[in-house]
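Peer 1: In order, the protein sequences belong to chains A and B.
As numbered in the UniProt record's numbering, residues 1 to 265 make up the first sequence, in order.
As numbered in the UniProt record's numbering, residues 1 to 279 make up the second sequence, in order.
The hints are simulated quantities; they were obtained by calculation from the structure and are not laboratory data.
Where hints are given, some of them may not hold.
Calculated Cβ distances over 10 Å to all of chain B for the following chain A residues [claimed, not checked]:
id: 1; residue: Val87
id: 2; residue: Gly186
id: 3; residue: Gln229
According to the in silico footprint, chain B covers these stretches of chain A (three or more CB under 8 Å from chain B) [unchecked claim]:
id: 4; stretch: 160-166
id: 5; stretch: 213-220
Stretch by stretch, here's where chain A covers chain B in the computed footprint (C-beta under 8 Å, at least three residues) [unchecked claim]:
id: 6; stretch: 76-88
id: 7; stretch: 136-143
id: 8; stretch: 152-159
Heads up, the beta-carbon is just placed ideally off N, CA and C, and yes, glycines get one too.
Chain by chain, the residues run as shown.
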Amino acid sequence: MSSSLIIGQYVPGNSIVHRLDPRTKITVIFFFVFIVFFANSVFSYATLTVFALTTVFITRIPIRYIMKGLTPVWFLIVFTFILHLIVTKEGTVLFHIFGFNIYSGALIQGFAISMRFFLLILVTSLLTLTTTPIEITDAIEDMLHPLKKIKFPVHELALMMSISLRFIPTLMQETEKISRAQASRGVDFKTGPLKERIKAVVPLLVPLFVSAFKRAEELAMAMEARGYQGGEGRSKLRELKIEKIDIAVYLLFALAVAIVFYTRN
Amino acid sequence: MRNKFIEFRNVSFRYSDEEPWVLKNCSFEIYENEWIAIIGHNGSGKSTIAKLMNGLLFPQEGEIIINGQQVNEETIWDIRRDVGMVFQNPDNQFVGTTVQDDVAFGMENRGFPRAEMVKRIEQNLTAVGMQEYRLTEPHRLSGGQKQRVAIASVLAISPKVLILDEATAMLDPKGRMEIMRTVSNVQEEYKLSLITITHDLQEVVQAERVLVMNKGEIWDEATPREIFAKKEALREIGLDVPFVAILTDELKQAGISITNEPLNQEELLEDLWTLHSRT
Ligand SMILES: Nc1ncnc2c1ncn2[C@@H]1O[C@H](COP(=O)(O)OP(=O)(O)OP(=O)(O)O)[C@@H](O)[C@H]1O
Ligand SMILES: [Mg+2]
Numbered sequence: 001m002s003s004s005l006i007i008g009q010y011v012p013g014n015s016i017v018h019r020l021d022p023r024t025k026i027t028v029i030f031f032f033v034f035i036v037f038f039a040n041s042v043f044s045y046a047t048l049t050v051f052a053l054t055t056v057f058i059t060r061i062p063i064r065y066i067m068k069g070l071t072p073v074w075f076l077i078v079f080t081f082i083l084h085l086i087v088t089k090e091g092t093v094l095f096h097i098f099g100f101n102i103y104s105g106a107l108i109q110g111f112a113i114s115m116r117f118f119l120l121i122l123v124t125s126l127l128t129l130t131t132t133p134i135e136i137t138d139a140i141e142d143m144l145h146p147l148k149k150i151k152f153p154v155h156e157l158a159l160m161m162s163i164s165l166r167f168i169p170t171l172m173q174e175t176e177k178i179s180r181a182q183a184s185r186g187v188d189f190k191t192g193p194l195k196e197r198i199k200a201v202v203p204l205l206v207p208l209f210v211s212a213f214k215r216a217e218e219l220a221m222a223m224e225a226r227g228y229q230g231g232e233g234r235s236k237l238r239e240l241k242i243e244k245i246d247i248a249v250y251l252l253f254a255l256a257v258a259i260v261f262y263t264r265n
Numbered sequence: 001m002r003n004k005f006i007e008f009r010n011v012s013f014r015y016s017d018e019e020p021w022v023l024k025n026c027s028f029e030i031y032e033n034e035w036i037a038i039i040g041h042n043g044s045g046k047s048t049i050a051k052l053m054n055g056l057l058f059p060q061e062g063e064i065i066i067n068g069q070q071v072n073e074e075t076i077w078d079i080r081r082d083v084g085m086v087f088q089n090p091d092n093q094f095v096g097t098t099v100q101d102d103v104a105f106g107m108e109n110r111g112f113p114r115a116e117m118v119k120r121i122e123q124n125l126t127a128v129g130m131q132e133y134r135l136t137e138p139h140r141l142s143g144g145q146k147q148r149v150a151i152a153s154v155l156a157i158s159p160k161v162l163i164l165d166e167a168t169a170m171l172d173p174k175g176r177m178e179i180m181r182t183v184s185n186v187q188e189e190y191k192l193s194l195i196t197i198t199h200d201l202q203e204v205v206q207a208e209r210v211l212v213m214n215k216g217e218i219w220d221e222a223t224p225r226e227i228f229a230k231k232e233a234l235r236e237i238g239l240d241v242p243f244v245a246i247l248t249d250e251l252k253q254a255g256i257s258i259t260n261e262p263l264n265q266e267e268l269l270e271d272l273w274t275l276h277s278r279t
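Excised from the complex, chain A in its bound form (with noise of 0.2 Å):
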């Protein structure tokens, strides 16, 4: 796994937007990514850019680790930006470069486009920063909750959810054990041409496939010896509740939505 990329990473805090109730931040979250699609002034971007930017304040999680960890999205947004640049013709040429010129709608359409998609990642990546995976899972199955009447299996969903996030680590230290123990006898998976590495993972991949089905076998037995007979007549350990911060939350957006609708073009 790669450490560099943040995106799925939570990091432990107690700030408001940690403690905020998930819903509300899922809530947020999915209206904010419409709403960057909506703005199209100096105005209506500085907005969205002050409420993005204020929120990871608020977080104490550092901006230069946030930055940081979205170095491959970098990437992927200076690239947008010269692609506008080229091929946008609108205004006038501004100044010729490499063979290509450079028009003034370019470059503001440019950093437009290349502005939105660094709020989108940022914001959606401030979720699951501040925001535990059992808690998502918790928000998404309350969330889902009316879907039960078509029949769609909501429960279900948020317990096969959350029994991969309690086998994740316990999966991956046991790839890591394997893995040395091949090691040891010998098998190379770092180097050497691609087929033969893709060799020396099928021998990885068999013991790690019979061990999590036998896994599931016994995990499904000791659910069954605990009582669990579906999610009818259910309580919950965790629960969700909306609080007097949420409720100020949705306010503030809707502020901010307000004026990006008042001062787009």
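Based on these hints, arrange chain B with the ligands on the given structure of chain A.
Peer 2: This is chain B with the ligands only, laid out in the frame that chain A set:
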């Protein structure tokens, strides 16, 4: 006179029609608040007995009565509330993403109100000495700690029987000690019958009664002391005889009279240093 809590009446079981019988005509009783050990070689049918007690399997012949109810499809819901079970592999029975979520799992399944769950989590984690780890994730715990959480999870719904199916088999000696200590504390603190399944004779000494399984049959039923005296026969059915028992035998052969079959080193020592005053 103690009350019967679990009763096996001529129980026979096999996993499918083509396979041989795994349990053959087994009958025994387990009483309230009793600590009983089940011992036997690999594949002798110990785990099968445990699963039958919990309604995870049903016998083809004979019947199983638990707390006055016959185990069948309709009663398993009640029976699983009375009979809690801890399995061998510490990882593959840990359902929750944190310790407290795991302890809550059984209670959630039965629709306990939240306040009650919080109370019982605290109480049962304290009983197994894991209260400080309430929010810890399983991959940060040792095997012994995971098994203690598993015990707390089962105790949380106040069962009347606790079965430990080789719950120490995958642990290091330290983890094993932890669990054995936890188990004897629990036995004192909670009123319940305890069934410890093992293939290590050393682990039966604290039990009041021992069931010895051999090839799907009940080979013997006696106190640990009586069992220890049958070294030769135990070895024949594939069990490892503990060092103290072997030493006792050698001493006897050397002409030293040891009256009470000692269960551990302290008892043997006691016997030896009081030898002079007795003779
Ligand atoms: N799911 C299964 N399907 C078919 N046969 C099984 C199954 N589980 C166990 N058996 C067989 O039943 C017999 C008894 O198994 P059981 O697990 O009860 O033994 P055990 O005394 O618990 O052994 P161990 O000390 O290895 O845990 C064994 O011969 C085993 O191969
Ligand atoms: Mg077994």
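Peer 1: Let me make sure I understand: some of the numbered hints might not hold for this structure. Which ones are they, in numerical order?
Peer 2: Number 3 only.
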